[in-house]
Amino acid sequence: LVFTEEDKYGLYSNLLFKYFLAEGIVCGHDLFVASAKEHPDNILKELPAPLLDDAYGKESGDGAAAVKSEDLQDSMKIAWRYQNLPKMEASPTTYTKFGHYYDVSKKMSPELCQSVKCHSFYLHEELSFEPKMKTCNMNSGYARLLQSIQRIISQEGFDGSDPQKKQRNVLRIGIQSLGSILWGDDVCCSDTPEHTHSLTKFLYVLRGLLRKSLSACIITVPAHLIQNKAIMERVTNLSDMVVGLESFIGSERETNPLYKDYHGLVHVHQIPRLNSLICDVSDTKDLAFRLKRKLFTIERLHLPPDLSDTVSRASKQDLAGSAKLLSSGCGAMAIGKKHLDF
Amino acid sequence: QGKFTLLRDTRTDGSFLVHHFLSFYLRAGCKVCFVALLQSFSHYNIVAQKLGVSLTAAKERGQLVFLEGLKSCTDLLFGEEEQPGQPSPLQFLSGSTSDLRALFDFVRVSLTPADGDSWKGPVLLVDDLSVLLSLGAAPVAVLDFIHYCRVSVCCQLKGNVVVLVHSNEDSEDEENELVVNSLCHHSDLILWAEGLATGFCKDVHGQIKIIKRLSLRQAAEQDLVQIYQYKIQDRNVTFFAPGLSAAVL
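If you read the sequences in order, they're chains A and B.
Positions 1 to 342 (the working numbering) are the ones given, in order, by the first sequence.
Positions 343 to 591 (the working numbering) are the ones given, in order, by the second sequence.
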């Protein structure tokens, strides 16, 4: 369960959200998109296009990307997987490909979108149906969403405990702007909301559903609007991974020369520790992101070399910290992966 | 025997202590009732196998009673109507009752020795208690539940209780702090895992404070506090005196 704290204007977290979905399409996973803000079909139309042609070489075979080395220096892998890679070598065949590249300036083609099954949940369309399950003092919007997810999981065969012979697939769930007023939850409005436990109960039940099925989920939440910090603490405990995006728009950091090249910071608050005691730690905790015309990259935050103003700073070493945060694996499949502790 | 141990973590994840106690008591031959609210059975099973204990085998021979909170919750919400004779332990979720009586009954029934049981001493293990607050239980209800468990398990059955809670120093979660402080006062032993005050470090993952609350049983005694630092590895955890980690020596 990947929990993303939105940045103030929601620009970058939306991008992260779309990347998660796009990765799902390219990997052939089924999608489930839920939103109260915009219709899921619109979200699906705006997914970034994968860089299939120039990034992959056909001759390399089963996975290593034969990328031209100068491309490698600039482009970096995107978002939600956290793994430190050493600096890129000249021979890219040793580079293990993990995920896909995306081009932000282009939209994904409709044929590709339709190659997987996309389920959608748009709150305002679903309001007319009565929830059949016990709502348990939970916000009715959340209850409907849970019911919809559970229905998809059991009907489409993602349930881990169901004996089944046909090949299983993974379901990627994306829920946008949970906790905002549009879902009917007043946790963002006041310090003592009426149903204090709606959001946390929702997350708990969602976690239960994710654990027993082959699915992974990303949620974006406007955390800066939530007044009650106690809820944020509880929500952090209930999620596997918590990432916060802080953009520099409108804050005093925009003009700070330290952050000149970046558009915001990435705070990784929590990293999943599933199926293991171990906590594999990374070397750095300071990450920043930037949105170039075509690529959204997350890099280690590093100080540019301290040169005087007259000397150009063209020789910055972009550390190939392809930040990849762990996203899938919340389901019954225990994929071996690195675990990080905080 | 008859001890209440509180596991507490601050700014770090103390679940390694839960895994330790689970495998420790199973190896010792005790009957364990594990109320696992936060993670699935397979997660604990995989870690326990690394520590040398098989949870599935323990469950089969009746040594381990495992309540998987996540599964019970989804069964309660999405399942068919429950049978009248078997109320769900997490019944407070459906809002019909506001106390944790059903959960306590579950614990009591699982740990009461049946005929033919040859296990040494019952043990109740809870991971983790703070989740109950997130699910809508009132702090008083949680404290009542723990109190009933202590009376039943520690005093009547002469067993042990181990509970994990999360806490933060400047936490704004007052309900949680209330529960944690109250439990601290009633514990015989507190194991407090904290992140290092100096920040993140690769070789030392945190420090653990062991507080033996001798003042609980005898009026004139002082609590004994010991501090160690630890590093978690794949199959075990190494403890060492502060400042003497292997990386430094």
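Any given hint could be a false lead.
Claimed, not checked - Not everything, but these chain B residues come out facing chain A in the computed CB check (under 7 Å):
(1) Ser-382
(2) Ala-390
(3) Gln-391
(4) Cys-415
(5) Leu-477
(6) His-508
(7) Glu-511
Note that these hints are calculated values from the structure, not bench results.
Being a predicted model, the structure only gives us computed values, none of them experimental.
Glycine included, every Cβ here is placed at the ideal spot set by N, Cα and C.
So which hints don't hold here, by number, going up?
-> 2, 3, 7
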